[in-house]
Structures are given as C-alpha cells and as structure tokens.
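Q: Listed here are the chains, written in short residue letters.
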Amino acid sequence: MIEENIMIEMTYRDALRQALVDQMSQDSNVIILGEEVGRYGGAYGVTKNLIKEFGEERVIDTPISEAGIVGAAVGAAMSGLRPVVELMYVDFIGMTMDQLANQAAKIRYMFGGQIGVPMVVRTQGGTGRSAGAQHSQSLEAFIMHTPGLRLAMPATVNDAYHLLRQAMAQPDPVIFIEHKGLYTLKGEVDLNATPLPWGKAAVLRQGDDLVIVTYSRQVHYALEAAKKLAENGIEATIIDLRTLNPIDFETIRPHVERSGRAMVVTESVLTCGVAAELAARISEECFDFLHEPIVRVAGEDIPISVSPILEKGSVPNPQMIEETALKMFS
Amino acid sequence: MNSTAFDASISSGSNSRHVELYKIMRRIRTFEERVGELFARAQSAGSMLHLSIGEESAAAGFCAAMEPMDKFTTHHRGHGIFLARGADPKKMMAEIGGKEAGYCRGKGGSMHIADMGLGHLGANAIVGGGIPAIVGAGLAARHKQDGSIAVAFFGDGATGQGVLYEAMNMAALWKLPVVFCCINNQYGMGTRIDQATANPALHERAAAFGLKAETVDGLDVEVVAQAAQEFCDAARAGNPGFLAIDCYRFYGHARKDKSPYRDPVEEAEGRKKDPVLFSRNQIIKLGLFDETELDALDDEIAEEMDATIDFTIAQAEPPLMSLFRDVYAPSEPEPEAVRTRINRILAND
Ligand SMILES: Cc1ncc(C[n+]2csc(CCOP(=O)(O)OP(=O)(O)O)c2C)c(N)n1
Ligand SMILES: [Mg+2]
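From first to last, the protein sequence lines stand for chains L and B.
Following my numbering, the numbering of the first sequence begins with 1 at its first residue and continues without gaps.
Following my numbering, the numbering of the second sequence begins with 331 at its first residue and continues without gaps.
This is chain L alone, in the form it adopts within the complex (with noise of 0.2 Å):
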C-alpha cells in the first residue's frame, strides 16, 4: 500500500499540538506533566485542550514546583512510562538541573545500563516579547555540557511536528527546546512523510562559497542573510543542525571542504557555547581545508534586557550574518 503524502498548513505551535496528540494517541504510556499544561492550556498554548481530549489523568497541572516535576517524570520514565514535561521557560532550568543532570543523565550509565530514562523535556527560550533577563535566555549550552542527556530545537513547523514525535519515542532523556519567536511561524508539514531520520542535520540551502551552521529561530536569519548574500554573489551554504545531541558533523564536513569558509551563528552567549564547540570540530576536522577562521557569530556575553532596544541589540541579526559574511569575503 502506497502512503499518500498529507501536506498540511500549520503553525510551528499547532504542528508541536499536533506532535503530541499523534504520539499520545499512538502510545497509551505517554503522559504530560506541568504548570499550566491542562486547564490554561500551556503558557505559549501549546497543550491547548489536551486536556479534553486525553483527561486529567494524562495532561496533569502540577503545582510550582519544576525540581519536584522534573524528578516526578523520571521516576515516571523509570517505572514505564512516557512523561513529556513542560517546563514553562528555559530559564527555569536551573532549579530542574539536579534532576536532569544528576538524576536523568546519569541513571543508565551509573547503573550498569539497567534501564533508561525515556522522558522529554519540552521547553521554549530565546528573545523577542521583552522578557527580560529571566526569561530570555538561550541555556542550550547547558544541556549539552550533560552527556546523557539528549537535546532538539526545531527551527522549522515541519521539524516541530516530526522532531518532537521522534523525542518522544528515544530511548533516552530530551531536553527539546522551543523558540518564543516562531510559534506563529506558518508551514507545511508533511504528516506522513518520513522524516529526516533523528540527529540528522538538514541542508536548506547549497552555496559553494561559505557554510552558515545554525538551529533554531537563527536558521531562518541565515537564510535571510543567504538572499541578500546571492546578490552579492556569495552562494551560502545554510545547515540546520535539528539536534544538538547528537550533532551531526558529517553533514558538515564536506561543506566546509569545499567551500573553505564557515561561519557558527546561535542567539545563546558566545563564550563556551554551541558555536565554540562547533568551531573547534570544525577546525580540528577540516583545518587543511579552510580559507578562513571560522567566526562565531553569537549572543553577546551579556543578560537580555527589558528595553526592546537592548533585547534586539544582544542576539544576532539577519543584517549581522550578512555583515560577517562579507567581511570573510574582503
């Protein structure tokens, strides 16, 4: 039997809906923990009438309580079943970390391989609604200084679908986290395609001259930037890395050989961050090939402001890529 492909117009915030009734329709064992998940229907709406349609026993509203929460699913993961946690703001990490850290991360490796912890976190981050400080940060970072734990931010309505649908079936803990600014994102995802396997990154553009690697919400400046870059005749390569856990730097490799030039761009702070670890894979893997230094084009090192001035000024730009990028070229 052929499967006819389902092409559907969605928001980035129903394709996340959609993942998780999918998922919990399919697997009776998936459950949703958090503040405001049930009744409200999540802060961003994202669990919007779960609630109705999966009850109270499988979309439950926890008090404020993230460690307690956190700690609730991977016992949960332990005992059986599928808990997809949200939590509220990525900035709220911190009072989870013990739990994701010490406790999820570590429980297969520490026990011998006994069992694993298959729950996701499912969370939002980044700037853009001033914020502030607390709740704007992009801590992806953290995450991936944890080995153990496994982690996705979709950039696209298509990846929100089937990425989250692929969280919730790995074996092992996910951080899976949003981005504030695309929710209202609209595009197609195709519901029975199938999908770019799990910790494959996507070309969305080819260009001989220079790679652009990114995630999340920067994906979408970059190819912005990658337009205007065109007509200047500087053919960008634009990587949308999916996950962050694993990274997939295969897919990168050969861009950079033959383009000799690289660029990392990510809203979270420069220092220590996802683009220095790429940069540094990429300078060890392909040093012989590069033209270039490989320049990271980030967050500055700095809180995010209230003032929507300095909140834009903090995190990179469309215009910033394409700066950057012309700079590599002069």
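Think of the hints as simulated: they come from the structure by calculation, not from any bench.
There's no promise every hint is true.
If you want the footprint, here are the derived chain B segments under chain L, 3+ residues with CB under 8 Å [unchecked claim]:
1. 553 to 567
2. 644 to 657
Derived, one-sided and incomplete: chain L residues facing chain B with beta-carbon distance under 8 Å [stated by the list, open to error]:
3. G55
4. E57
5. D61
6. F92
7. H135
8. P293
Beyond 12 Å from chain L on every Cβ pair, some chain B residues (computed) [what the hints assert, rightly or not]:
9. E350
10. P398
11. D486
12. I614
13. A637
Beta carbons are placed, not taken as given, at the ideal position from N, Cα and C, and that holds for glycine.
Since the structure of chain L is provided, determine the placement of chain B with the ligands on it from the hints.
A: Chain B with the ligands alone, transformed into the frame defined by chain L:
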C-alpha cells in the same frame, strides 16, 4: 503629592492613619490602571505586566509596619509593595516602559524592579527566586546589629517551591529577624490554590517549622496592618514569622490573560472583596471624609499617575552602548562585543 513611605509614627486605628492607608491603596490601584493603559498604548516593554489590583491592602497594610531601614524582596506582582515603600511612580513607570530613566535603566522592567536605597533587594521573575535572599539579609541585620528586619513578599504559587521551605527552616533555626509574607490571591496563573495543594491553610506549613504563623483576611487594611505590626515586632525581637494575606486577583495573570478559566460568578464574588472600596466606605462611615472630599483626593492621585505615563513616553530609550555596562563592576573591563571581535579577527588579511 506625597510619594514617601508610610509614616509609621501615625498610631494604629487613628483617623489620619485610615486616610493615609486609603491614599496608599488608591495610589497603587491608580498606578496599576495606568500600567494597563501604558500597555494598551503599546508603550510598555512587553506584556508581562502583573497588576496587583485587589491586593492593595497587603502592600499598604504590611508596609505600614515596616521601618525605613528594613529590607525586602518581592515577586513579579510587586508594583504595589514598592509604591507602599515609597517608590517614585515616575521612575517605576519608566522602568516598566524600558526607559533609561527607570529604576534599573530599562534593563530590568516590571518584573525586575529594585532600589537599594529603599531597601528593595529586587523583584523577581522566578517564582520563589527572591525568598531565600531575606535569610541572608536577616543574617546581615543580626551581624550588624542594626535593628532592621527583612521581608519576603511572594504569592501563593511560590508555596510550591522547595526553596521556600529551605528558607523558612533556616530562618526559624537561626531565629532571624525576617518575615515571610505570602499574598494569597487564590491563583497562580490559571491554577486555583485548591488545585495546587491539598491543604490551602498555608500558614500551617510555616508553623511546622517553628515560625510564628497566621492567615489574615485582606479586605480590611487595618486588620492587615495590625497583624503585620505584630509580625514585624516579633521578627525584630528574633522571632521570625509567616503571614499569609488572603485576597483575590481581580484581573488576568498578565496583560494578555483574560482568565477564561475562571467562573464568572466566582470572579464577581472575588471582586467584591475590594480593599480600596472597603477602606473608602470605612472613612465615610467614620465621618473622616465625605464622598466629595474623597473624590478630590482620588482626582489628585489620578493626576499624579496620569503624569507618569506622559513622563514615561517622553523618556529616552537606553543608549545601545549601555548593553555592556553593569555585567561586572564598573572597575572591570566590559565584555567585548561580538561585532568588535569579528572585526578584529577578520581585519588582518
Ligand atoms: C520558577 C518559575 N516557574 C514558573 C513561572 C511562571 N509563572 C510566573 S507567575 C506564575 C504564577 C505565580 O503565582 P503566585 O506565586 O501565586 O503569584 P501571583 O501571580 O498570583 O501574584 C507562574 C507559574 C515562573 N515565573 N517561575
Ligand atoms: Mg497567586
């Protein structure tokens, strides 16, 4: 217009005290209404603005018992508390607008307003985040023997956070001059208190740690003020406490929330617990002021608060170069901008 902190020398239950507390509450309510207006006019920095309308008695009543050197932290719904401690509404509004003239130069905003000069160690956007700092402030007060106390203001939702219990235990263990003041407006976002705990008698938990503990109704600011006085006096004598003040969150959680999860009947009932109206009626009943005089007072406050919006709109954005200021002490070098760094790296070929 008097924008200083409540004059604690005015004796409890006295006529001028009734009026003074009413004034503070009216100023809070009017200020919060103007915050709503600032948002509606798209002049606020974002929409994460949490109004304390319905909770004015907690702020006015509790702060009436505090002394000028006392320290405090607040939660994200802290405009009223700060006003009651003597904040300048213009500098507050400018901060809420993300302007350079604000208390925190536009960097903090509504949820991170602070003023060390007034003992405000900071509002917080992390539920429970500001609570343990008062344990430290209490240790410092004791160390310096300065007679001050420290108060943590937080919402009922923060009782879900483990850090509250760690802080309460240390405060009780070390007999620190601190008070935990829980403003129970019955909701944490869309979650009603009885959906977040099996025992909503919150003060009972504090009692279990050995803290002086009580819940008072927030309808009558005078009742709140009297309880607060007892708790502050006890704390100053080395008996820390936990005071819960019951009230009702009149409007949505933040500016975009219309509380669709609330029963309209419950909401109408809840809004009847209006401490500002109650105080106004008391004043009339006691014959201290008549309607006309109170209207005149309200108008004066309205004018003052209208001016905060005009002031805010007229203020400048923070300069872009301030981005790198105050990450570290002024004596330290500022972090290098990413752009500067890129230019440096790519310049020499
Ligand atoms: C650690 C943490 N978890 C969740 C949130 C999101 N959040 C902001 S306010 C709030 C409700 C807080 O309720 P309460 O403490 O009662 O204060 P209220 O808003 O009622 O004044 C929640 C869940 C947060 N800011 N910080
Ligand atoms: Mg509350």
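Q: Now tell me, hint by hint, if it's right for this structure.
A: These are the hints, each one checked on the structure:
1. 553 to 567: violated (count 0)
2. 644 to 657: Coverage by chain L holds for the region 644 to 657 of chain B (7 residues, Cβ < 8 Å).
3. G55: violated, 15 Å
4. E57: violated, 15 Å
5. D61: holds, 6 Å
6. F92: holds, 7 Å
7. H135: Holds - the Cβ of H135/L comes within 8 Å of chain B, reaching about 6 Å at its closest.
8. P293: holds, 5 Å
9. E350: The claim holds: E350/B sits with its nearest Cβ about 33 Å from chain L, beyond 12 Å.
10. P398: holds, 28 Å
11. D486: violated, 9 Å
12. I614: Non-interface label stands for I614/B: nearest chain L Cβ at 40 Å, farther than 12 Å.
13. A637: A637/B clear of chain L: closest Cβ-Cβ about 22 Å, beyond 12 Å.
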